[in-house]
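Asker: The chain contents come next:
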Amino acid sequence: MSEILNFHFQVDGNDFTSAGQASIQIKKILRRLGLDPEIIRRVSIAMYEGEINMVIHAHGGEADVNVYEDHIEIILKDNGPGIKDIEQAMQEGFSTAPDQIRSLGFGAGMGLPNMKRYTDDMKIESEVGVGTTVTMCVNL
Amino acid sequence: MTVYELSQNSQFNVLTMPEPERVINGAYVGDLLSWVMGKAQYDNIWITIMSNINVVAVASLSDVSCVLLAEDVTLDSEVLNTAKEKGINILSTPLAAYEAAITISGMI
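Chains B and R, in that order, are what the protein sequence lines are. The first sequence begins at 1 in the working numbering and counts up one residue at a time. The second sequence begins at 1 in the working numbering and counts up one residue at a time.
Same shape as in the complex, but just chain B (with noise of 0.2 Å):
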């Protein structure tokens, strides 16, 4: 079987302004494995917008980047509040965000759009009160 590198994140929900540290470590490693640099976007933009939510939404939670052969692999687990409506919260323009995260530019409700747009596949377990799973993945 082919090699499997795994790279594991705590995400800070308490430091809005330090969140997409584990994004921009990812974009870093991922240029040292010398990837296509439209990958790497795609790949760090999606997770960006993913970590911000959790800040935003869920109090943090943890990132897994999994890079295989043919594809990478992006689960973001939190344990916040859940999404009730998955299909409403996938339409650009819908955002729960509070007022001060959209003064800072944020909460435009285009982050899971983002993330659905820059991956080739993206599924979203939520269950309200328990918490929300978001696996993406990338094919190389």
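Since the hints were derived computationally from the structure, they do not count as laboratory data. Treat the hints loosely; a few may be bogus.
[To be verified] Distance condition first, Cα-Cα at most 35 Å in a straight line; then the derived DSBU-like pairs of lysine-lysine:
| id | chain 1 | residue 1 | chain 2 | residue 2 |
| --- | --- | --- | --- | --- |
| 1 | R | 39 | B | 116 |
| 2 | R | 39 | R | 86 |
| 3 | B | 123 | R | 39 |
| 4 | R | 84 | B | 84 |
| 5 | B | 77 | R | 86 |
[Claimed, not checked] Partial list, computed: chain B residues near chain R (C-beta under 8 Å):
| id | residue |
| --- | --- |
| 6 | 7 |
| 7 | 20 |
| 8 | 39 |
| 9 | 42 |
| 10 | 44 |
| 11 | 45 |
| 12 | 49 |
Cβ atoms here follow ideal geometry from the backbone N, Cα and C, with glycine treated the same way.
Keeping the supplied structure of chain B fixed, place chain R upon it in accordance with the hints.
Answerer: Here is chain R on its own, set in the frame of chain B:
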């Protein structure tokens, strides 16, 4: 046109320019960060009036060649230092986003 070449125009001021040879192939104007990440292209110059710390992360992840702060928007020293560290070029201009975009368009 490179970021350095743009910086030679007196209407554009360098706040930090760690990667002067990055090429500018077009522009994207926007202040909503997810829109920028969804739409800006590799090597675009990103024109915005947003100047908080998240701008640096968005610029880095979107791989834009430069951030241009329109209307003389200023930056905190903390944001500036982070941009330097991450290799993000940031310029400012007294021009509004529209004027800045057409000026840059004429130079590319």
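Asker: Hints the structure violates: just list their numbers, smallest first.
Answerer: 4, 6, 8, 9
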